[in-house]
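Residue numbers (the numbering used here), protein chains in the order written: chain A, 1 to 283; chain B, 1001 to 1283; chain C, 2001 to 2299; chain D, 3001 to 3249; chain E, 4001 to 4257.
A hint or two may mislead.
Only part of the chain B face toward chain A is listed, based on derived beta-carbon distances under 8 angstroms [stated by the list, open to error]:
(1) 1079
(2) 1081
(3) 1128
(4) 1185
(5) 1212
(6) 1213
(7) 1256
(8) 1260
(9) 1267
Mimicking DSSO-like on lysine-lysine, the simulated pairs with C-alpha atoms at most 27 angstroms apart in a straight line are [said to hold, decoys possible]:
(10) A/204 - A/121
(11) B/1204 - B/1121
(12) B/1204 - E/4160
(13) C/2179 - C/2028
(14) B/1024 - E/4152
(15) E/4152 - B/1204
(16) B/1088 - E/4160
(17) C/2169 - C/2241
(18) C/2028 - C/2169
(19) C/2098 - C/2179
(20) B/1204 - B/1024
(21) A/24 - A/121
(22) A/88 - A/266
(23) D/3161 - A/121
(24) C/2114 - C/2098
(25) C/2200 - C/2231
(26) E/4160 - B/1121
(27) C/2198 - C/2169
Partial pick of chain C residues on the chain E-facing surface, computed with a CB cut under 8 angstroms [unchecked claim]:
(28) 2010
(29) 2047
(30) 2142
(31) 2147
(32) 2164
(33) 2234
It is worth saying that the hints were derived from the structure and are not from the lab.
Quick caveat: nothing in here was measured; it's all calculated off a predicted structure.
For glycine and all other residues, C-beta sits at the position ideal for the given N, C-alpha and C.
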Amino acid sequence: MTVVAMASRDAPKAAAEPPAASLKGVTRHYRFPGGGKTLHALGPIDLDLRQGEFFSVVGPSGCGKSTLLDVLAGLSPPSDGTASFEGKPIAGVPDGIGVVFQEDASFPWLTVEANVAFGLKRAGIGQAEIDRRVDYAVGFMGLRDFRQSYPAQLSGGMRQRVCIARTLVLQPRLILLDEPFGALDQQTRLIMGDELLRLWRETKATVLLITHSLDEAAMLADRVGVMSARPGLFIDIIETGWPSDRDSRIVADPRFGEMTGRIWEKLRAETMKHMQTQGAGPR
Amino acid sequence: MTVVAMASRDAPKAAAEPPAASLKGVTRHYRFPGGGKTLHALGPIDLDLRQGEFFSVVGPSGCGKSTLLDVLAGLSPPSDGTASFEGKPIAGVPDGIGVVFQEDASFPWLTVEANVAFGLKRAGIGQAEIDRRVDYAVGFMGLRDFRQSYPAQLSGGMRQRVCIARTLVLQPRLILLDEPFGALDQQTRLIMGDELLRLWRETKATVLLITHSLDEAAMLADRVGVMSARPGLFIDIIETGWPSDRDSRIVADPRFGEMTGRIWEKLRAETMKHMQTQGAGPR
Amino acid sequence: VEISITQWGASLYGAPVAVAIEQGDFKKAGIDVTGVIGSGGGGTSVRNILASDVPYGEVATAAALAAARQGLPIVLIHSGTRTVAEASLVTMPNSEIKSLEDLVGKKVAITSPKSTSEMVFLMELAAKGIDASKIQRIASGGYTQGLTMLEQGAVSAAVLIEPLSILRKDRYRTVIAAKGLLPAMTTSVGITTRDFAKAKPEQLKALIAGRRMGVQAIYRAPEAASDMVAKQFNMDPGLAKVAMLNMIEPQMWSEGAFSMAELNRIGEGLKLVGEISALPDWGALIDRSFLPADLKADQ
Amino acid sequence: MKYRALVTLAVVLACVLALELACALGWVARTVIIPPSEMVGSLSDILWSGEFNRAILLTLTNVMISVVISIAAGFVLGVAIHASDFLRRAVEPYLASYYAVPTFIFYPVFIVLFGVNSAAIIAIAVLLSIVAMITATMNGLDRIPTVLLRTARIMRLSPVKTALMIQLPAAAPYFFTGARLSVAYSFIGVIASEFILSGDGLGYAIAYAYNNFENRQMYGLMLLIVIAVTLVNMTLDRLDRRLQSRLRR
Amino acid sequence: MPSKTLPGEALRNVVPPIVLALVLILCWQGLHLATASGAISSPAATLARLVVLMGSGRFWLDVVETGTAFAWALVLSIVLGIGLGVVLALLRPVGEVMEPILVTFYSLPKVTLYPLVLLIFGLGMPAKVAFGIMHGLVPITLLTRNAITQLKPVYLRTAKVMRLSAFEVVRSVVLPAIIPELVAGIRIGFSLSLLGVLIGEMFASKRGLGFTAVNAMGLGDLDTIMAIGVFLALFAVLANGGLLSLERAIRHRSAGR
Ligand SMILES: Nc1ncnc2c1ncn2[C@@H]1O[C@H](COP(=O)(O)OP(=O)(O)OP(=O)(O)O)[C@@H](O)[C@H]1O
Ligand SMILES: Nc1ncnc2c1ncn2[C@@H]1O[C@H](COP(=O)(O)OP(=O)(O)OP(=O)(O)O)[C@@H](O)[C@H]1O
Ligand SMILES: [Mg+2]
Ligand SMILES: [Mg+2]
């Protein structure tokens, strides 16, 4: 039995079915240390993620995308509103959610293999089963020749694949990806996108992908959510209508240009607005 | 008299005119320290940059794009073949060339203003003239409100604009840009691209832009050079035929999708080829 | 010029020089002593002297001998101090130790192996006819460290020296003092290098003459001298007075003349601690030519 | 890498040869420095005769105890200080200026506290070396990328497991750097204290030889210390580099 | 750009060290009370002694003596250290060969070399200064070299493209770029050269705080020992605090991301 078979559930559902995750009136304020001032980073957001859909989020830098992901992952509670996963309110990190962060999160002191097996070991799964799942995930991510390597010996893109594999073997029902290919050049990103699509098709998990790249958003997703400058709101949610067996070749499709053009139109004003205020950034 | 007027020369020429810069059979080998082995990083390359044209280069990571730029800038001599700028062979950094590097090269210990004036001061230009040129460049790059700020207080995009301004005030006749917007998200890149186009139109300098982004290459350039995996060769040079008053809105043009599709087609195989060998990268 | 005196400021070896500086005796003798370099004693003093522009100073006899043995080009030009009377052995006030004999089978703190403190202790034992091997000597590293060991009960008695023993006299009981028990011996000598002795005999003569005036002044008016010493040493005047007066009786300071008997006594002492195996050939080490005529003879 | 080490060795050897030559030609006085060949001879005498075995053993034991105490206590203190913002703000200004105060002068205080024995020496050495470990521990904990801690939360690890399985290995190279410095400072602390203060150990043996003009013995002992410290240092340095290279991304 | 420090922020930086100092003083008092017959001087007695000391001209002579040696040692350590660091960084192979030697020297117990220093420099100021430099020079050299070798290559490439001369590159790019590291190096060199000078004074000297401290040790005068210790600690903490905030200000301004 492969990971795929185990992870597979029913095919994507109609909107009527209960959503995988849902946000209602969610906002997030950050408090500055010392002063009483708060920063309104996000929301209010209303969003239902459909079971098994591929949803991508684009928006200007600093608009609250990572904050949104934090709320969904249960890493930080919403300031207002409610977030729920599979019908249950999110308090703490729920079971069944996997996250791939923007930064390289591979453990430098473990081999690729040990990195991928890390979560499984914690979950108390039998060794035989661990081996099988790690084997599958390592192969799937094209890391077979590097099983015994340490992250320092890999390129940035390969390390990010290690992180994806590590998340994947835990068979999450909701996968949250925060700009996972940020370190790669565009060509490699497109190819990694193909792998991500293949993965999504095989596991049938619900995927939320945060990205800066319009191509990526447009090419990969069933729906693209376009966010405004901070405080982030969804100013548009676009249904792409791509077939589920799509791959990166659709960038050559004229409808693809149309799609990115449409997203770009929406974003342009927001980005311009944002750039004027980005001088003394928070970091 | 503005920078623009001073820098402006005749309008772009036909191919018959002497080229701005030219490479003939240029290759570049790197010697590994210790061993006698060498790495064939680039070429042989034959390339004429036309006076006043906007030429962009795309290619898989590690294919030798930066190496090509180094040769043109006179930072490293070709191993074989000859490189010339304005008819004279390149030995050492020639006068009249400006470079914007991939990494943030703004000097963190200087204010924006002092950064921009840095090269002018070294060139022994009078203070009044320096003030005028800095004033113009700072305004042109939208940095007027940040003249007295230090780079640490700016976003990555603004720092890169500081570097561009610092190069610009020296009024180079050939501007080499090595992935200048690498640190930015795609939306901001597109907007920076518009500014770059404006700059190019006003100064009439010859521009060579290295980029990872197909959109950027396709949208900005008169010609796009597509390079093969290492050792880098031009596998295709595509004339875009865009009008010179183009801007980022052409991404919505169906011909634009067609263009990127064509470049992508060329690159896909190359990138795949490259990914298989990128494991233990040099860095 | 600057000269070196061992234990300057900490012990009374340098008292004549202090007095001579205060009274201007050196200037009278034809040399201007502007400063004195002190040191922890022992070989450091000798090295200091060798490293100086005017390589003259007063050092422990043992150190001078050690230097000469290792072939350093020094000569002894006058004798300095001639007693170990400032040394004593103390214990806690409530201790059962009343005499040296009570120490048999016990532990005693000395400063370090082969040091003056050990030598004096062994000489005291020899004077009393006690077998030194029956008493365990512990090296503490210094006098105050020895006292701390004593207070913590790690040893039954500890060697001590003035002026420290005067400062702490209320806290400890003296088991035995060297004063009155041990005879005179040459504990310090004035030295210079052989080259300097050839090059600048006048300066050396002046130094010895100045110092002699200081010695004479001490014996003439001990109390006034002690105030001068206190000033030079940056020492409490009351303490200086007690310490100086204690040393008048044993005639601590020599005017400079050598005494073979006193030299040989220190030689025997050094043999006792194993520092040397045979008495040195004093004749080869001593150069009496800088001494005033009346002090040239052996005394 | 190997090549460079060889060149370094060659440079050192050249210096030694130059010194030997200078001594042989009488450019430097024998009373100042003896030729390296004699130092080596003296060292082998010292090792063969066993005269100093006790002192060597004592010094090494003290160094070892000091190393163990400062690494263990330094780690615990570093963790505690890291955990509390208040403590951190309280301690940082002092850590920066710590080394300027010669710890040795407090020796009398320590002998009151610990007695006149190795404990006081060890206390000085610990005082000197513990700071390196505290600083390195704090530094290591600081530099754990937050994304690793977030990953631990996503995997729903308990705080204890997070500490053991994420924080400890992630900061381990920094801890090792601290441990390495602790070893160096323990050597410095023990030998310097012996030299200045005590009546025992290798440091004292050098001071004694110096005082008694036994240059041959003094240089033999100095050579012994230089060689011992160099060997220990090089070994730890190599390990350190290996660990650090894992962190290089 | 010095950011406006709110009073609250300043308090948060100043209060904790003071609280810690008070706690330490309490512990000290506790030790004083706990040890028999007050073998350890009380904070009050130490303070009284310090006041007496500071009232005496002799003490200030010591301070001037130590201060002079220290100033020489520090200035020479900084100038030579930075110079050597720049040379070792620019002549890369030489630097790589010399680095292990310097690192080893740094971790040597340098007191053992003191006899050698005395034998070479003789006694007094030169030996003290030399000993201070032996402690302070190497860390400054290593930190300078490190800072330059880790300088982003793009700065040097930029300078090259602007066709600057080698001298200009060092003056207007290399040195300004490493100022924060230089200040950090100077901070460490400061502490260590002071330590070196004091240790030097502890052996052979007629004046200076190190000499006075050793003298007091010989006499078992704990009041004076503690007073000198406190005086040195205060000086070191204040001077280092100043350097530290300078370093922070520079880093804050130029923290390149
Ligand atoms: N812990 C925090 N404390 C205070 N402010 C924060 C914190 N984290 C984020 N912010 C602020 O909240 C806003 C949203 O941040 P967030 O990281 O969610 O943006 P983002 O859309 O993910 O940006 P990017 O595209 O650059 O990753 C930003 O202005 C940021 O400065
Ligand atoms: N100084 C050097 N010594 C040895 N090899 C080098 C050196 N610089 C570059 N290379 C190698 O030469 C090849 C081309 O490098 P180059 O930096 O030109 O590629 P690139 O196309 O600019 O890559 P990227 O898109 O990642 O910037 C790479 O394989 C690289 O590892
Ligand atoms: Mg983010
Ligand atoms: Mg490149």
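Now for the hints, and whether the structure bears them out:
1. 1079: violated, 26 angstroms
2. 1081: At 27 angstroms from the nearest chain A Cβ, residue 1081 of chain B fails the 8 angstroms test, so the hint is violated.
3. 1128: violated, 28 angstroms
4. 1185: Cβ of residue 1185 of chain B sits 3 angstroms from chain A, so the hint holds.
5. 1212: This interface hint holds because 4 angstroms falls under the 8 angstroms limit.
6. 1213: holds, 5 angstroms
7. 1256: holds, 6 angstroms
8. 1260: holds, 6 angstroms
9. 1267: holds, 5 angstroms
10. A/204 - A/121: Distance ~24 angstroms between residue 204 of chain A and residue 121 of chain A Cα, so the pair holds.
11. B/1204 - B/1121: holds, 24 angstroms
12. B/1204 - E/4160: holds, 24 angstroms
13. C/2179 - C/2028: violated, 34 angstroms
14. B/1024 - E/4152: violated, 32 angstroms
15. E/4152 - B/1204: With Cα atoms ~31 angstroms apart, residue 4152 of chain E and residue 1204 of chain B exceed 27 angstroms; violated.
16. B/1088 - E/4160: Holds. Residue 1088 of chain B to residue 4160 of chain E sits at ~19 angstroms (cutoff 27 angstroms).
17. C/2169 - C/2241: holds, 15 angstroms
18. C/2028 - C/2169: Not OK: residue 2028 of chain C and residue 2169 of chain C at ~39 angstroms, beyond 27 angstroms, violated.
19. C/2098 - C/2179: holds, 17 angstroms
20. B/1204 - B/1024: Given pair residue 1204 of chain B, residue 1024 of chain B holds - Cα atoms ~25 angstroms apart, limit 27 angstroms.
21. A/24 - A/121: Measuring from Cα to Cα gives roughly 35 angstroms; hence the hint is violated.
22. A/88 - A/266: violated, 34 angstroms
23. D/3161 - A/121: holds, 12 angstroms
24. C/2114 - C/2098: Within the cut-off at roughly 26 angstroms; holds.
25. C/2200 - C/2231: violated, 30 angstroms
26. E/4160 - B/1121: holds, 15 angstroms
27. C/2198 - C/2169: violated, 47 angstroms
28. 2010: holds, 5 angstroms
29. 2047: For residue 2047 of chain C, the interface hint holds, since the closest Cβ of chain E sits about 6 angstroms away, which is under 8 angstroms.
30. 2142: This hint holds: residue 2142 of chain C lies near chain E, its Cβ roughly 7 angstroms from the closest one there, short of 8 angstroms.
31. 2147: holds, 7 angstroms
32. 2164: holds, 6 angstroms
33. 2234: Cβ of residue 2234 of chain C sits 6 angstroms from chain E, so the hint holds.
In this structure, the hints that do not hold are numbers 1, 2, 3, 13, 14, 15, 18, 21, 22, 25, 27, in rising order.
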